[in-house]
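**Q** The primary structure of each chain is shown beneath.
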Amino acid sequence: MKRERFLGKNGKTAFLGSAVLVLLICYIDKFHGGSAWIPTYFQHVLVNCLIAAILALGLNFVSGYLGQTSLGHAAFYGIGAYTTAVLLKYTGLNFWITIPIGLLLAALISIPLAMASLRVKGQFLIVITYAFCEILRFVAINTAALGGTAGIPGLKSPEIFGIKITKLASTSKGGYILILFLITAAVAFFAWKTEHSRIGYAFSAIREDEIAAVAMGINTRYYKILAMVISAVICSIAGSFQAVFASMVSPELLNATKSISIFTMVVIGGRRSIKGMILGGILLTILPELFHSVKDIAGLPFDPWMILYGFLLVFMMRFRPQGIWGADKKETVQTEEE
Amino acid sequence: MLVFLQQVINGLAQGGIYSLIAIGWTTVFGIVGVINWTHGEVYMLGAYTGYFVTTYLGLPMIPALLISMAAGALIAMAVDQFGYKPLRKKGVLAATGFITALGISTILRYTANAVFTVNPKAYPELVEQKLITICTISGQPLTISSLHLYILIGTIIIMVCLELFIKHTLTGKAMLAASQDMQTLGLMGVNAEKLIKVTFAISGALGAAAGFFIGTIYAINPTMGALAGLKGWSCAILGGIGSITGSLVGGIILGIVENLTAGFISTGYKDAIGFAVMILVLLIKPSGLMGYKFEEKV
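Taken in order, these protein sequences are the chains called A and B. Going by my numbering, the residue at position 217 of the first sequence is 794; the numbering climbs one at a time, nothing skipped. Going by my numbering, the residue at position 87 of the second sequence is 108; the numbering climbs one at a time, nothing skipped.
Quick caveat, the hints were computed from the structure, so don't treat them as lab data. Check the hints yourself; a few may be wrong.
[Stated by the list, open to error] Cross-link-like lysine to aspartate or glutamate pairs, in silico, DMTMM-like; alpha carbons within 20 Å at most:
id, chain 1, residue 1, chain 2, residue 2
1, B, K291, A, E829
2, B, K110, B, D202
3, B, K110, B, E184
4, A, K835, B, D292
5, A, K698, A, D606
6, B, K218, B, E184
[Said to hold, decoys possible] Derived, one-sided and incomplete: chain A residues facing chain B with beta-carbon distance under 7 Å:
id, residue
7, V597
8, Q700
9, F701
10, V704
11, F879
12, I884
13, Y886
Values in this document were obtained by computation on a predicted structure and should not be read as measured data. Glycine included, every Cβ here is placed at the ideal spot set by N, Cα and C.
Isolated chain A, as found in the complex (with noise of 0.2 Å):
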């Protein structure tokens, strides 16, 4: 099996670059006199990139893997956050306690989903996962302890050996981004040990074709279940870091255009690759932020970036459905087919 190249490079390499320009956005500010060269603004959004690639790296599993389209997984993100919410605010524990908690939380909560999975297919299991996000995001507005429309305000920045995570860089955010590009390695790492492990060779096989994984002795129902439980698990902890580093929680992390822009940054990254997942959640949180300045800049009355991403899906669906780092097309267009 050949190993995923990124820009030619190997993962170890691909890592150890990006650790060092990752080291340099959050420490060059230290050595040099005068003014900052890295905007705190470029950091906030380099971390929000972050968070974005871990959510599309854990939906890979579902929708990349076992080629199964859900549009709620801003579901199992926004039970991390809340959990992560709640359990400070009302219990004042310790933030790193909070994260295997809500983890095991989403963890509960995605067996039921993974079971309906088991049932319905392709267009059905769409809207049961929407569906599904969207009951989730009702029940967060409607109860009172998890602070209704307005949600949970005032999170404090958690601590790491002492040290508030806001103080570990030269700005509040390059603490973040330190954590957060470690996570996305480790998920990264275990997502590409996972696809050339038994476990991603069963998930091919149930992708490719479900009646003859199941001749071969491939317990399916096993393996569904593990792809949903592990994607609800990473987004989850992404959930949890979006709550401190946002210091808040609302509904909106529950919002049916999350669940769809995770999935969405998972087809436009291609799915299965793990480059193209961390290029698709970077591309998704960039090109907004970049048309909302221009949108400032022109003095435009509305947001044009929802049209453009309209158009971007269609376009990419017309000219290049596997997405950009995606497998070749005839691969995707067998399995896609329900």
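Starting from the structure of chain A, add chain B where the hints point.
**A** Just chain B now, kept in the frame of chain A:
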């Protein structure tokens, strides 16, 4: 008991509107096999067409309704022409249709957002609003709003026309046959493309009618299509995909259940109940209340 009955009656009109949306979903899905995610947007644009012709042209209810239905039909046909047809020609609709639909729906919604602005708009009063007493139970009147009555009657007329069209015209019969086996139908010499256009036109017209009706009751806004579209899909599933009667029943049930939830449990969960019903139906009896059993797709 009286309160209960009153809530049921209040839910009827809303239910009729859901049924109209649901039929639009189910006909397209039955024949083209794609979840037409743009349907909610056609509904929204239908509502806006109704708003413009009633406000600026001062048209009365029935011509305005017909115009917005025509507009809805045109929009839906355009969506098919520019969105789905090229993919169908390439034979990749199954794989890419849904994301294309998502894209077109985003384009339509946010263009509408840019053009019409986010501020909600309200129709002028088209019919005199009053409460009509149906009967009195132990001295308490049971009432229905005149507006709701008009909507119910309008919905029923549209449904009857549709039923007659499908049962008694050749095109209608071909549509029915297409929902069961498109390929064989092609072999019988039916022009599939034309049939698909007719299907989209009907779907769009019904969606726009639903939007027009909702506009006569509530204020309209460019993002109204997302939730309503999904609810229509829930009704279609509840009633059974491919069944028009099923969509009618599903829509009425959802309308009533929503109103009862709002009246007796909590208004906040009103919108969630439809989704919960949909998930349960899909998991327990995917063929819905009245649908024929569709082939399990692996």
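**Q** Determine for every hint whether it applies to the structure shown.
**A** So, going through the hints one by one against the coordinates:
For the hint pairing K291 (chain B) with E829 (chain A), the CA-to-CA distance comes to about 19 Å; that is within 20 Å, so the pair holds. At roughly 18 Å between alpha-carbon atoms, K110 (chain B) and D202 (chain B) fall within 20 Å of each other, so this suggested pair holds. For the given pair, K110 (chain B) sits about 30 Å from E184 (chain B) by alpha-carbon distance, which is inconsistent with the 20 Å threshold. A threshold of 20 Å between alpha carbons decides the hint, and for K835 (chain A) with D292 (chain B) the separation of about 19 Å falls inside it, so the pair holds.
With a CA separation close to 51 Å, the supplied pair K698 (chain A) and D606 (chain A) exceeds the 20 Å bound. Pair hint K218 (chain B) plus E184 (chain B) holds up; C-alpha atoms about 18 Å apart against a cutoff of 20 Å. With its C-beta approaching chain B no nearer than about 36 Å, V597 (chain A) sits outside the 7 Å limit, and its interface hint is violated. Checking Q700 (chain A) against chain B by beta carbon gives a least distance of about 5 Å; that is within 7 Å, so the hint holds.
With a least beta-carbon distance of about 6 Å to chain B, the hint placing F701 (chain A) at the interface is held under the 7 Å criterion. Residue-level restraint check for V704 (chain A) holds (minimum Cβ-Cβ distance to chain B is 6 Å; threshold 7 Å). For F879 (chain A), the shortest C-beta to C-beta distance to chain B is roughly 4 Å, which falls under 7 Å, so the interface hint holds. Here the hint on I884 (chain A) is kept, as its CB sits about 5 Å from the closest CB of chain B, short of 7 Å.
Taking 7 Å as the C-beta contact cut-off toward chain B, the hint placing Y886 (chain A) at the interface holds, the least distance being around 6 Å.
In this structure, the hints that do not hold are numbers 3, 5, 7, in rising order.
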